[in-house]
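Enquirer: Here's the letter readout for the chains.
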Amino acid sequence: MPPDAGRAEPTNAEEFMKGLWEENPVFVQVLGMCPALAVSNTALNALAMGLATLFVVTASNAVVSALRPFVPKQVRIATYILVIATFVTIVDMTIQAISLDLHRALGAFISLIVANCLILGRAEAFASRNGIGRSVLDGLGMGAGFTLALFSLGAVREILGAGTLFGLSVLPSGFEPWVVMLLPSGGFFTLAAWLLLFNALERKEDAK
Amino acid sequence: MTGAVQPQTAPSSMGMFRAMVGVGLVCGLLIVSAHIGTRPAIERNRAEALRRAIFQVVAGAEAFETYVYLEDGRFERETPETALPGPRVYAAYDAGGGLAGVAIEAAGMGYQDVIRVLYGYAFESQAIVGMQVLESRETPGLGDRIETDPAFRANFEQLDVSLAPDGEGLANPVEAVKQGEKEHPWQIDGITGATISAVAIADILASSTAEWIPRLQRRRTDFEGGP
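Residue numbers (this note's numbering), protein chains in the order written: chain A, -8 to 199; chain B, 8 to 234.
Just so you know, the hints here were simulated from the structure itself, not pulled from any lab data. Think of the CB as a built atom: it goes at the ideal place given N, C-alpha and C, for glycine as much as any other residue. Be aware that a few hints might be false.
[Said to hold, decoys possible] If you anchor each label on the Cβ, the simulated ranges turn out as follows:
id, chain 1, residue 1, chain 2, residue 2, range
1, B, Gly200, A, Leu192, 32 to 42 Å
2, A, Gln65, B, Arg53, 38 to 48 Å
3, A, Gly158, B, His42, 23 to 33 Å
For reference, chain A alone in the conformation it holds in the complex (with noise of 0.2 Å):
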């Protein structure tokens, strides 16, 4: 976890910006990387279930700020994921209540954005020790920086996997989807060639 006191006070535009680039939790921080392979198979259910992430983690973020003063130490850690767990049944109920197909495309791993260790580790590392506004921007950043990534991977498995975006041809009739994308690998072949890219460009901007 890259660490967020001893230096100078971010401006709100960095606080925010910093999640989606510099600190992005799926391609330099590595994290919640189980919904991002599992249900990065298409564009669609990946910004589903970034968006999804990005409620939960900045609603969390913002009550577990608020709370901060009246936590004991001891219990913070249980009542984070009490907080969590009720956020993602909140959007649980909400997503079955916009659509059930959607609801039926991201199945599990709804509920398992209790576990997504991006969500936790935001409460702890930031949320715990910030006020609510700059909780608030953080859970935005990161939650835009998880559904980017997230997006980046279901357009790419998509477009190779099936020769669609969002469901719409995008790729000449002669292409023979490459099925293998669509499978838990293409997740695991997509994200290395991203993390390989992210690296090659971070290295770049280290070299100047």
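Starting from the structure of chain A, add chain B where the hints point.
Expert: Below, chain B without anything else, positioned relative to chain A:
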């Protein structure tokens, strides 16, 4: 860091208890509110999904009624007042109020997890006239072709499930064969690369039809009378 996180002195047991109970109470309230808020929409979505599936598996259906199978072998129409226990089937009616067919839910083990399907049965032709997968976690791109493959889906446009002369079972149980080897109207042409999932569908239909078709044919008159 902004703001103190924890007090320096050890908190009392009562303090910890109060914090946990307080947080639990607020979380409980939030969940119950969300449940109450989303319940009408979820119930509407479920009913709509069922309606869509029934109309898809019974061609020409315009309305449907739910029937409960009673222990004495009769089917009784379910109304909001009668909440009877027992398995349910859905009788579908055409625009003129005539019985178009019955939709039946069935489930069985697939390659990954339980597959749930809904199929339509037509009394006149004694055949399955449509099949819809309600729930499956088959492998994307391979096993999930039981839902997407047009050639496989064509099997269920007219799949023979005629009764044996004694009326106690099917003349020929539904069975899956290798792709391209279908010879009889009760056979399901399989999918190369998704053998297990295709056979699972055949097994689910075979056991469900063996159980339900004789019951339905015996009590066909229970469903007449229009929606």
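Enquirer: Hints first: check each against the structure and report whether it holds.
Expert: Now the hints, each set against the structure:
no. : hint                            : verdict
1   : Gly200/B - Leu192/A: 32 to 42 Å : 39 Å, holds
2   : Gln65/A - Arg53/B: 38 to 48 Å   : 43 Å, holds
3   : Gly158/A - His42/B: 23 to 33 Å  : 31 Å, holds
In this structure, none of the earlier numbered hints is contradicted; all agree with it.
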